[in-house]
Every structure is written in C-alpha cells, then in structure tokens.
Amino acid sequence: MLTTRIQKTTGLLVSLAALIAGIIASIAFGVTDISWHSIAGSFTSYTGSQEQLIIRTARVPRAFIAAAAGASLAVAGSLMQGITRNRIASPSLFGINAGAAFFVVAGTAFFGAGSLSTYAALAFAGAASASAIVYVLGSIGSDGLTPLKVTLAGAAMTAFFSSLSLGILLTGGQTFDQVLYWFVGSVAGRDMSIFWSAAPYMGAALLLAFFLARHMNLLALGDDVAVGLGQKTVYIKLAAAMAIVLLAGGSVSIAGPIAFVGIIIPHLTRYLVGLDYRWSLPYCAVLGGVLLLAADIGSRYIAFPKEVPVGVMTAIIGVPFFVYIARRGDR
Amino acid sequence: MNRLWTVRGRKLSFQLDRRMVTVILLLLAANAAAVILCTGMGSTFIRPLAVIRTFLGIGDPSDSMIILTLRLPRVVIAIMVGSALAVSGALLQGIVRNPLTSPDVIGISGGAALGTVFFILFCSQLSIRYMPLSSIAGAFAAACLIYAFAYRRGGVTPLRLVLIGIGIATALSAVTYMLILTASFTPTAVAVKAFTFMTGSIYGVSWKRDVLTLLPWFAVLMPAAIFYARHLNVQELGDDIATGVGSSVNAKRTMLLLISVALAGSAVAIGGTINFIGLMSPHIARKLVGPAYGGVIPVSALIGSLVLLLSDLIARVAFLPLDIPAGVFTAAVGAPFFIYLLYRHRNT
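Protein sequence lines, in the order shown, are assigned to chains A and B.
When the first sequence is numbered by my numbering, its final residue is 331 and no position is left out of the sequence of numbers.
When the second sequence is numbered by my numbering, its final residue is 1348 and no position is left out of the sequence of numbers.
Treat the hints with care, since some could be wrong.
As the list claims (entries may be wrong) - Sample of chain A residues with no beta-carbon within 12 Å of chain B, all distances over it, derived:
{"hint": "1", "residue": "Ser15"}
{"hint": "2", "residue": "Ala153"}
{"hint": "3", "residue": "Leu170"}
{"hint": "4", "residue": "Ala226"}
{"hint": "5", "residue": "Gly230"}
{"hint": "6", "residue": "Val234"}
{"hint": "7", "residue": "Lys306"}
{"hint": "8", "residue": "Arg328"}
Said to hold, decoys possible - A few chain B residues that face chain A, going by a derived Cβ cut-off under 7 Å, partial list only:
{"hint": "9", "residue": "Leu1100"}
{"hint": "10", "residue": "Val1105"}
{"hint": "11", "residue": "Tyr1151"}
{"hint": "12", "residue": "Arg1152"}
{"hint": "13", "residue": "Ile1166"}
{"hint": "14", "residue": "Asn1250"}
{"hint": "15", "residue": "Ala1251"}
{"hint": "16", "residue": "Thr1254"}
{"hint": "17", "residue": "Leu1257"}
{"hint": "18", "residue": "Pro1321"}
{"hint": "19", "residue": "Tyr1340"}
{"hint": "20", "residue": "Leu1342"}
{"hint": "21", "residue": "Tyr1343"}
Said to hold, decoys possible - Just a few of them, taken from the derived set where beta-carbon distance is under 7 Å, the chain A residues facing chain B:
{"hint": "22", "residue": "Ile34"}
{"hint": "23", "residue": "Ser35"}
{"hint": "24", "residue": "Ala155"}
{"hint": "25", "residue": "Ala259"}
{"hint": "26", "residue": "Tyr301"}
{"hint": "27", "residue": "Ala303"}
{"hint": "28", "residue": "Ala315"}
{"hint": "29", "residue": "Arg327"}
None of these hints come from the bench; they were simulated from the model.
We put the beta carbon where it would ideally sit given N, CA and C, even for glycine.
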C-alpha cells in the first residue's frame, strides 16, 4: 500500500507517534482516572501522592511492558513466517510461548527460582527447547517442513506444555494466585524491574533482527536462490532462530504467553509495506507495540471495573484475522 | 484356519473377526484389572482380593464404603469419559479423513468447555442434568463455526480445517479464561476449580450428580456410534464411490459428525478438556484390529477408557496427598505418542 520511500518513512513516523500516544494513553486511562496535570507532575515534580504513586509504580511499567512484549512478539512472528515460509507461523501457535511458560512455572515450582534474571533465563531456555522440538517435528519426512505438520506439532506441544504447567500450578497452591493472570498473558501488576530484567535481551534481539533484514529478503527468494547468490542460509536461519527465542522468551517472561500478536502484525505490515524486511520489521516492532497497548487499554474496560488479561483481548481480536489468513492459506 | 467365525441363528447370521474378538476380550480383561487397581489404590490401600469380594457383595463394610461410594463413581466416570473421547476422535478422523485430528486439537472440546463454564457461571440455578446440554451446544457451535470458516470453494480441506480449528481452539480457551477470571465471586477458589476443569480432571465425582448426568448421553450415543460406524467404511473410499454404491454420503456424514460432537461435548461436561485421548486411541485401535470401523470403534472405546483409568490412577496416587488433574498425564503420554504419529505419517 505504501510504495515510495517517503510514504514508508511517513507511515513509520505516524506509527511511532501512535506508539507514543498509546503509551501515554495507557498511563492515563484506567480504573483510577488521573488528570493530565498529575501525570506530567509525576515526572517533573514528584510529590509521592496517591495518583503519582499509581503512575510510577503501576501504569508506567505496564505501558512499557505492553509495548515491549507487543513489539517482540510481532517481530518474532515475522521472522518465523520468513524462515518457515508458513503464513500462520507465530510464537503462540508453534508452542514457543507455552514452552517458555512451562519452563518458568517448572523452575519456580521445583527449583525455587525466584529472581528476575533466572525468570528470563528460564523463559529463553523454554522458548529454545520448544522451538527446536517443533521445528524438528515439523520437518520429519521427505517433504520437509509442511504447514500441516508443523502446525499440528505446534498445537500438540502447546497442549503438552500448558497441561504440564497447569498441573504444576494446581498442585503448587500458593503460587497459583500470583501466576494465574500471568499464565493467560497479562501486563498488569508488575514493576519496572521486571521490564529491565528482559529488556536488554529483547533490545539486542530486535537489533539482530533488523540487521538480518537484508538476509531475510534473500532467504525469501527460496533456499536455492539464496544459496546460489552466496548466502549461508544455515547461519541466517540460526541467527533468526536466536532472535526469535530471545524475543518470544523475553516477552513470555514479562507478560506471559500472549497469542495472535505474532500472526496479525506481520500480515498487516506485509499489506502495508510489502515483502521487504528492511521496512516490515521496523513496522512490525512499532505496530506490535501499538496493538498490545491498545488491547491492554481495552482490557481495562471490557468488564469494568474488573480487568481482563490482555491475552484474552488479543485472542478475541485475533480470531477474525486468523480465520482470514488461514482461509487464504492454501489455494 | 479360518480368520472368521460364522455365527448362524434362525433369523440372524454374522461373521466375527477372530482377531477382533481376541483383542476385545483382552482389552476387557485389562479394563477390569484397571478397575480393580483403581478402586483398590489411594490413601487407603485395599487388596485386589478384598476389592473383588466387595464387588461380589461379600466384602468388609468399611471397604465397601470406600470402594462403592468414594472410588467407584470416579472409575465409572473415567470409563465413560475416556471411551466417549476416544470414539469421538475415531469418528472425527474418519469424517475428515485426517489421522491427526481429534476433538481437542480442532476446538470442539474447547467449545464444550466454554459451554460448560458458561453453565456453571450463569445457570447455577438450573439442575446439573442440563449441563451436558450446554456443553454439547458449545461443542456443536464450535464445530459449525470451524466448518463454516473452513468451507471455501465448495469444500473443506484437512489443512484448512485443522488450521482454523487450532485458531478457534486458542480463542475459545481465552474466552473461557476470561469468563472465569471476570466471574463475580472470589476469584481464586473458583479459578482453581475452573483451571482444573480446563486441564481435564475427574475428581470429587458422585453417583448422583455426575454418573447419572452422563449416563443417559453415554447410553444413547455409544450404541449409535457403533451402529453408524459402518458407514464410515464406505466413506473412506471417497465421496464418489460412496455415492456410487448407494450411500447417502452427506446425510450419514452429518449424523456421524453430530454423534462425534455430542460424545465429545458430554464427556467434556463432566471430565473437562482431557487432551490426546481422542487422538491416540483410534490409532492404537487401528494398529490392533485394522482399519474397518466396525472394529475400530469398540476397540477405541476400550482403549480410551483404559488410558483414562490409568492416567487418573497415576494422577491420584503418585503425588499423595495431592490430586493432580488426569489431563496432565494424558498429555504427558499423548505428546510423545503424537510425535510418533507425525513420524509415521511423515510422508502423507
């Protein structure tokens, strides 16, 4: 839709503006209505009032976590769709989110992992194991990685990991309360230190993804062409896989397993700016953040004054998109 | 030696496959052994002999109280839920002609779970007898939705059906979680119960409430499945041949689909979303008695019941005093089995 360089740049700037507006809106709206004046005040002249406390300890981390998780999931989804050449590839459907969540749950329950850094490390380990398993399972057989096999493998691993996680949670008793919302995917009720524990990895992985963009374009021409043009496809795929693991694992460790962002946004950006990864990846990052921020703000009002986990919102928003994509999937 | 036994009566004659009869008898024996184990093991151990004595009505009264009131309903539920899920999976695999589908993978169980949770939360003044109706309605709505979305250009391909089903399943479980989490009472206690339900578990079941609720559905649907299964054999040949030999393909298929959905729905109403049984059992059955559905359906039922009995036994006994949802163990066994299936069907 956006064809010239100027249009694309303008579009990206508009999206960035939307992201910033989303962050501000996420800070401003909620159960406690907070005036613009005190929002500004909590950064310029902090007095420690009730309102400013809410802003600094709850709303700001929440906004940043939503933006970061959304950006990571969308970029991870885009990379996955690129290397598996499967249009519904995404961290949630291919079991990566569930695997990361399982490792976090199991680590907490059995090995007493409590610190934030181990949380993130566990999530990365889980994301890596799950993606390896699903990739291997999906590629068994002479016809390689077919959409049907890899999707079924992803669904089976998701069922497997989430059953085990739920089993552990239900027997844990006390921890259940704390992880309940997290397990459905939520960005509420966590502080800035959680964000900072995963942000460096996710930031590094985003940079890695942007660096890979040019190579992903080559890969999109097909393995044979890419090899013919002198690309070491194995290394590119491995690097992309590493970025996917860090992005998906990081977002699970801060926000829990959130579905559909990784499917919707890459398709949207493909529609907007086409197949060039140099453009689509930055767009994914920005729009992914916007989507999750919007979903999170919506989740505060859908069952007001109760809050719905944002994972529920993305699932509800995601289904129509998903159905559309899956119907177009095999011609 | 003849592979078939011929039974001739005055008005009725039929042939029985020897292998099938043997397999069914063996599985019945295994199920009986599992029942004795399941009723005997737990926080109080009762020796198998004492269990059998109780069943014969000559046991110790304190034993019979534990066995008959506490453990037996759970065992009966495991048998019904396990076999219903297995048969539902077998029918579904025949209908969509894809060996890797099952009601839990493609979202039918998810619809049933949503229906059940909806009933628990909003229809609590109604008798629990109506709960399977709500679950079946949910399962049926999900099936219609999936089919409608997957229908394109005059047909439904297995790939599209599976993809859409998985997407719908994800969304349905999200909506179910939302209902649970936003329900207007103390969240944790209800949520624990609901999450247990979503993993699939059969604890705290009673004769009056659960067994009697599920029994009528089971008693009607299971014979219907066995009776209608023969039409699947014809359908396996492809729609053209099936029409050619005189089968009313679409009507039969709709009927079979209804039975499959209702079986899954009623099983989910009591047992929750227990994963992988619907996928595994038909495969094991085909391995044992070959592809003809006349044999596959009853054998699947026996296998499903055996798997759930054993899963529930492990879930109950392995971590005493904790009672873990049986669905955790069906998933633990089911996922590796699924990998094996993918490997076997790797070139299809």
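Against the structure, the hints come out as follows:
1. Ser15: holds (26 Å)
2. Ala153: Label violated. Min Cβ-Cβ 6 Å, cutoff 12 Å.
3. Leu170: Violated, because the least Cβ-Cβ distance between Leu170(A) and chain B comes to about 6 Å, which does not exceed 12 Å.
4. Ala226: Label holds. Min Cβ-Cβ 25 Å, cutoff 12 Å.
5. Gly230: holds (32 Å)
6. Val234: holds (22 Å)
7. Lys306: violated (5 Å)
8. Arg328: violated (9 Å)
9. Leu1100: holds (5 Å)
10. Val1105: At 6 Å from the nearest chain A Cβ, Val1105(B) passes the 7 Å test, so the hint holds.
11. Tyr1151: violated (9 Å)
12. Arg1152: holds (6 Å)
13. Ile1166: holds (5 Å)
14. Asn1250: violated (22 Å)
15. Ala1251: violated (27 Å)
16. Thr1254: Constraint on Thr1254(B) not satisfied, violated at 22 Å.
17. Leu1257: It is violated, given that the least Cβ distance between Leu1257(B) and chain A is near 20 Å, above 7 Å.
18. Pro1321: Interface hint status for Pro1321(B): violated (10 Å vs cutoff 7 Å).
19. Tyr1340: It is violated, given that the least Cβ distance between Tyr1340(B) and chain A is near 10 Å, above 7 Å.
20. Leu1342: For Leu1342(B), the interface hint holds, since the closest Cβ of chain A sits about 6 Å away, which is under 7 Å.
21. Tyr1343: holds (5 Å)
22. Ile34: violated (23 Å)
23. Ser35: Result: violated, 28 Å to nearest chain B Cβ.
24. Ala155: Since chain B brings a Cβ to about 5 Å from Ala155(A), closer than 7 Å, the hint holds.
25. Ala259: Check passed: Cβ of Ala259(A) comes within 5 Å of chain B, closer than 7 Å.
26. Tyr301: violated (12 Å)
27. Ala303: This interface hint holds because 4 Å falls under the 7 Å limit.
28. Ala315: Cβ of Ala315(A) sits 3 Å from chain B, so the hint holds.
29. Arg327: Constraint on Arg327(A) satisfied, holds at 6 Å.
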